[in-house]
Amino acid sequence: MLNLVSVEKRFGELHALSEITISFGPNETVGLIGPNGSGKSTLVNVVTATYGPDAGQILFRGTDITSHEAHRISRLGIARTFQNLRLFQRMTVIGNVEAAQYGMPGNVFFRFRPDDRRNARNFRQKAEWALEQVGLQDVRNRLASSLPLPQLRRLEIARILARDPELVFLDEPAGGMTPTESEDMARLIADCVAPNRTCIVIEHKMDLIAHVCARVCVLNAGQLIADGDPEEVFVLPTVIEAYLGRAAAHA
Amino acid sequence: MSEYAISIASNMGMIAFVALSAYVVLVVGEISFGQQAYFGIGAYVSGMATAMWGWPFGFALVLGSCVAAIAAFAVGALTLRLRGLYFAIATLCFAEMIRLGLNSIHVQVEIDGEPVGPDGAEGFGDIRWMFEHDVTTLEYMFIIYALLGAVLVVLLLVERSNLGAVIRMIGQDPLLARSQGIDVGTCKLLVIVFSGMIAGLGGCLYAHFATYIEPNVFNVMLGVHALAYGLIGGLGTALGPIIGVVLDIGFLEGVRAIQGYRMIAFGGLVAILLIIMPRGILDEVRIHHIKRWLRRQ
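Top line first, the protein sequences correspond to chains C and D. In terms of my numbering, the first sequence opens at residue 1 and continues consecutively. In terms of my numbering, the second sequence opens at residue 252 and continues consecutively.
A few of these clues could be false.
Away from chain C, derived, C-beta distances all over 10 Å, residues of chain D [stated by the list, open to error]:
| # | residue |
| --- | --- |
| 1 | G352 |
| 2 | N354 |
| 3 | F517 |
To spell it out: a stretch of chain C is covered by chain D in this simulated footprint if at least three of its residues, at any positions, have a beta carbon under 8 Å from a beta carbon of chain D; those stretches are [to be verified]:
| # | stretch |
| --- | --- |
| 4 | 75–89 |
| 5 | 95–105 |
Think of the hints as simulated: they come from the structure by calculation, not from any bench. Glycine included, every Cβ here is placed at the ideal spot set by N, Cα and C.
Could you build the full structure based on these sequences and the hints that come with them?
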């Protein structure tokens, strides 16, 4: 599905990503973890062309997308959420979910033909459906800016569901949430987002990762230091060292 | 209707074009201090078309708007990667370049023994289409408002379309819009070209109403006013800048009691409104509440 081959990203002297080679298969749910500054969000930003890589190759379904622009990558079926929530704050909740579909292939700016009007109705129905999935149907006509954080995170998920992408990056989907809210989010990801698509979850909350991911990749200082089954990866000395320091790894 | 009232109403109508053009750029998330340049280009080109080449008024309007749109395309393409303050400065520099360029343009032809055409800083007089075709100021005012109405209808239709939603998406968060498959660059360019066309059309009307134009009419204060109208009236609907124009020209200039103090009152009004209503009277939130209220009725 997605293959990164020797991908590098530098910011001046800082090597944010060094020689990252990794593959994500169809319908996999993978946790991407690592300490702060390890390069997790940079990897998402590079794949989704927020900024391009300095070296390496990115292949999506066999197509080289290394030099594609962000909107073209999105249209291929790659969607993402953001670590720092990004929503259209001055739009309604349902407006945000409908808007998520406007950039999809085949959409038109004006609805002159009956087909286009049918498309617009489909957008509305899909948005209503997505909001029901995440439990936001009752606040659909409120402005996005009026919602509390857990609901905004759910709105991001609704946006993803409405687009129905093949590959999803969830960047800290439970960031800033209480343990109960995080559990709800884990269930939502496992039940609604993960089925039938490749889902890559970046998260610091290991409970959530353990709940939804069958595979975990660990980044540290821009390098991939572990890749495998969560239970095996969590006890690796290199991973413990990356999180807790050398002393803890040898304790 | 008195000549004074017609003059005020016509001015409101013509300035509304440049206010609308600044508004659409504001909605797409950029601040342009250069819309007066397109207004000026429209004025000069259409004036030359009727006064020098004897073109019909309708064709002159089309030509003036199109040349302004082409200029906007050039500016838009060159500034596509600029954002915020850099975009604002680039548009201001372009506008000043056009104004200073008009100061040195001397293209005149002899008509009935008189030189007609732009004469640098001396300006461009004898744009006499109204007199030659016996069009009264009242009739001309109706032409202005018919065209303004048409532009407003187009803008309101665009706002209801997917394109309108896409423009607002870009204005609110271009990175998010891009990550949802929106070609931000192309859409921005489209909006900038459209804004140039609207301002150019206003300029065409202005030249034929004023009959005399000079480069200094299209100075930066016109652009600042155009921006202020959108910021006063609100960025939630195309009717916002119209409210701004009515408040400034219709009220502050129209009411004789405060004449002479217009700019002081206008400056104060802008400052107060930007503090208490940063996105204007009819901003997106108020428009949302108005729509919900109307739906409930």
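Take the stretch 75–89 of chain C, compare each residue's beta carbon with every beta carbon of chain D, and decide whether three or more fall closer than 8 Å.
-> holds (count 8)
With a cut-off of 8 Å between beta carbons, are at least three residues of the stretch 95–105 of chain C near chain D?
-> holds (count 8)
Closest CB of chain C to the CB of G352 of chain D still more than 10 Å away | Fine: 35 Å to the nearest Cβ keeps G352 of chain D off the interface.
Run the C-beta distances from F517 of chain D to all of chain C and say if the shortest one exceeds 10 Å.
-> Since the minimum Cβ distance to chain C is about 27 Å, F517 of chain D lies beyond 10 Å and the statement holds.
Please settle this one: N354 of chain D was flagged as non-interface, so is its CB more than 10 Å from every CB on chain C?
-> At roughly 40 Å from the nearest Cβ of chain C, N354 of chain D sits farther out than 10 Å, so the non-interface label holds.
Of the hints listed earlier, there is not a single one the structure fails to meet.
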